[in-house]
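Q: Chains as they are written, first to last, in the numbering used here: chain X, 206 to 343; chain Y, 113 to 257.
A portion of the hints provided could be inaccurate.
[What the hints assert, rightly or not] Label-pair restraints from in silico Cβ distances:
#	chain 1	residue 1	chain 2	residue 2	range
1	Y	Q177	X	P284	39 to 49 Å
2	Y	S193	X	V245	22 to 32 Å
3	X	L283	Y	A148	23 to 33 Å
4	Y	F232	X	L340	20 to 30 Å
5	Y	G189	X	S282	31 to 41 Å
6	X	S276	Y	I147	20 to 30 Å
[Stated by the list, open to error] Partial list, derived from the structure: chain X residues whose beta carbon lies under 7 Å from chain Y:
#	residue
7	G256
8	V309
9	S313
[Unchecked claim] Per the computed footprint, the stretches of chain X lying under chain Y, defined by three or more beta-carbons under 8 Å from a beta-carbon of chain Y, are:
#	region
10	209 to 221
11	243 to 255
12	259 to 267
13	280 to 294
14	326 to 332
Rather than coming from a laboratory, the hints here were simulated on the basis of the structure. Virtual Cβ for every residue (Gly too), placed ideally from N, Cα, C.
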Amino acid sequence: MYMIDWFWGLAGGLLIGSGSAIYLLGTGRIAGISGIAAGVLRGERGMAAPGFLIGLVLGALVFALVSGPPSIGLTPSLPLLTVAGLLVGFATQLGNGCTSGHGVCGLSRLSRRSLAATAVFMVTAAATVFITRHLIGG
Amino acid sequence: MNRFIIGLVAGLIFGLGLALSDMVDPDRVLSFLDIAGAWDPTLGFVMGGALVPMALAWRIYWNRQTPTGTLALPPAGSIDSSLLAGAALFGTGWGLAGLCPGPAIALIGIMAAGNFSFSFGLVVFLGAMALGMTIHQRVAVPGVP
Chain X
206 MYMIDWFWGL AGGLLIGSGS AIYLLGTGRI AGISGIAAGV LRGERGMAAP GFLIGLVLGA
266 LVFALVSGPP SIGLTPSLPL LTVAGLLVGF ATQLGNGCTS GHGVCGLSRL SRRSLAATAV
326 FMVTAAATVF ITRHLIGG
Chain Y
113 MNRFIIGLVA GLIFGLGLAL SDMVDPDRVL SFLDIAGAWD PTLGFVMGGA LVPMALAWRI
173 YWNRQTPTGT LALPPAGSID SSLLAGAALF GTGWGLAGLC PGPAIALIGI MAAGNFSFSF
233 GLVVFLGAMA LGMTIHQRVA VPGVP
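Chain X on its own, in the form it takes in the complex (with noise of 0.2 Å):
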């Protein structure tokens, strides 16, 4: 990591925790965004989720518009990503959030489910990328 990366992760930092305070006072709802999607899915009423998910994608598209696209490293193969995918899905569902919801949202309310949450989800979020990097992927 480069020195001016702490920056533009600190000013990025910033950017979301504004993104998701506008949502709090706009709406009166967490800015979590597993619960966002589902809610999409499911066909709930209301037209804040889905303006959030389509500014989401334009918040991306403008960045990389402005400063040219950047570099994506997905390397996992295919059958991978599905396995991280339905997890992902399933379990924000299950555990009622995901790095937003808990990570953001819940931590700055100081709430004990998502205190708890980030920290088991960082653990095996830690643990699998030392299994698969260091102890079977090499």
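The hints should help you fit chain Y onto chain X, whose structure is shown.
A: Using the frame of chain X, we list chain Y on its own:
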């Protein structure tokens, strides 16, 4: 329509933040999770940065609640087995691909800007994620969130 605009603006700023911090790149995310490799702490700065405006927003939100007002919050339940199992399985999926829902959806925008190198894998992941959400909805016990 008003709420659509609020959602759109919030999502736009969120998506800009994900792209600016480079958290749309699964390899960057995996480098944060790879504590035994060449560890990249950027994601920690992103999360730390995101907590600041949100902590402020919660203060504003709580202050303007009337005593009879209802809070649109998830149930202040206990730390139960579905929370922990869900978090454990989510972390496993996140660690396998380096993708969680926000960056996965935002990557559609990067694809639309002309980088198609990852598009097949992304579509497979997003399809599987939607399927996983639908499966949960089908098997979930009614009444239990």
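Q: Taking each numbered hint in turn, which are not upheld by the structure, reported in ascending numerical order?
A: The structure breaks none of the hints.
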